[in-house]
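J.: Line by line, the protein sequences are chains Z and S. Number 291 marks the last residue of the first sequence (the numbering used here); no jumps. Number 120 marks the last residue of the second sequence (the numbering used here); no jumps.
Just so you know, the hints here were simulated from the structure itself, not pulled from any lab data. C-beta: ideal position from N, C-alpha, C; glycine also. Any given hint could be a false lead.
If you want the footprint, here are the derived chain S segments under chain Z, 3+ residues with CB under 8 Å [what the hints assert, rightly or not]: (1) 51–62; (2) 78–89.
One-sided excerpt, in silico: chain S residues whose CB lies under 10 Å from chain Z [said to hold, decoys possible]: (3) 19; (4) 44; (5) 47; (6) 65; (7) 117.
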Amino acid sequence: MILAVASGKGGTGKTTVSANLARVAGQHVQLLDCDVEEPNAHLFLKGTLHSREEVCVPVPRIDDSLCTGCGECSSFCRFHAIASLDTGAIVFPELCHGCGGCSLVCPEKAITEQGHRIGVVETFQTGGIILIQGKLDIGVSMAPPLIRAAKARLSRGTSAILDAPPGTSCPVITTIRDADLVILVTEPTPFGLHDLKLAVDMVRELKIPHGVVINRVGAGDGRTRVYCRENRIPVLMEIPDDREIAQAYSRGELIVDALPAYRRPFENLLSKSLEFHLSSTRSERHADLRI
Amino acid sequence: MKVAFSTSGNTLNAPLDRRFGRAPKFLVYDTETEIFDVVDNEQNLNAPQGAGIQSAQTVAGTGAGHLVTGHCGPKAFKVLQAAGIKIYTAEAATVADALKLFLSGTLKPAGTADVEGHWV
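Using the sequences plus the hints, can you model the full thing?
T.: Below, the structure written as C-alpha cells:
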C-alpha cells in the first residue's frame, strides 16, 4: 500500500502524522519525504545515511557553430528557458523542465542535452524504517523531477508512506499521484478548513480515496468536522491540542515515543487506513467515497 | 535609431509601464523618421515564468537598439545585453516624457539589472 499524507495548509502536521505512522508500522516500511524544498522527517527519525545520489534534469546545450538563430527552440519552449536572437540562443537552465522538445524541433541539430544538477536523494536506515528524502539544491525551483526521482527509489512490495509538500500544486500532485490512499491533515481553523476544501477538490479530481486527520482539536471550532460529515469524508483520527505533543515535537521526538498514550491512536489510524484501502479497492475507486 | 518603451497603451501619451517583462505592449519609436510602431506583448501577461526573457526577445526582434522601462530583472537584462540593446530605467509618467528624457541625453544606460528575479 502506498499511503500519501498531504494537506492544503502548511504546518498542520503532515510530517508528524507520517513519521509517527512509520514508527507504529514497525518493520519494513518506507517513508518518503517528498517535501524536497525543506525535508524535515529526518529530524524525527535519526538514522544512518545509506546512500546519496545526485539528481539531474537534461537541459539543452547549443552548438553556436550550428545555431542559425531561427527561433524554433524558443518558440517551442513554453517555459521560456531559451531566448533566440540573430546571434544565437541563450539557455536558462534554471527554467528548463527537461522535456527535450527543443532538441527535437531544432532543424540544424544544434542542440544536445547535458545534465543539470537539481538536488540529491538520500536514503537513511533507521530501525525498521527506510527513510528516503529528496533535497532540492538552494536556488532551484523545480521540485517535481526530484520528487519523481525520490519515488523511483521506492521498492515495490514494501509499504510506503509519502510525506507530501503543502499546497495543491505540481509538487503535491507529483507526490500523491498513484497513491492508494491520501490522508489529508488539517487543523480546525477557518484557514485550515479553507485549504482542506482545496485539497479535497484535488484528490477528488485525481480519484484517490481519502480521509482526514484533524490535528490540534480544541484549538479552533467544529466546522471542519461538520464539513467532513456533510461531504462524507471519513475522519480517520483527531489529535488533541496537547502542549506535551508540542514539547515533544520541539525536542525532535516522535509523539509515540515520547508519549506512549498516543501509540494506540496512531496504531488505530494505521489499521483504519489499511481497512479503508482494502474496502475502497473492493468497491473500486470512486471520487465520492461513501463509508 | 529605434527606441523601445514598455507601455500599456498605443500612443505617445500612454503611461510608461514600470514593468518590463509583463508590460502589455512595447512602443518602438524611430528617431530618424519620428514614426512609431506598437508591438503586442499580451502573451506574457499570464506566463508562468520567463516573461522577461520572452519580452527581451520580442524587443530584440523589433530592431530597437535602446529600451526605456521602469525596472529590468537579471534574465531579461542578460538577453537584452546579448542582443546589444542599451537599457535605461526612467521614472517618467508617459512614453512621451520618457522619450523627451531619452532625447535630452539625461538617461544613463544601466550596467546591471535593477531588480531581483522572481525565481531566486
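J.: Going through the numbered hints above, which ones does this structure break? Give me the numbers in ascending order.
T.: 3 and 6
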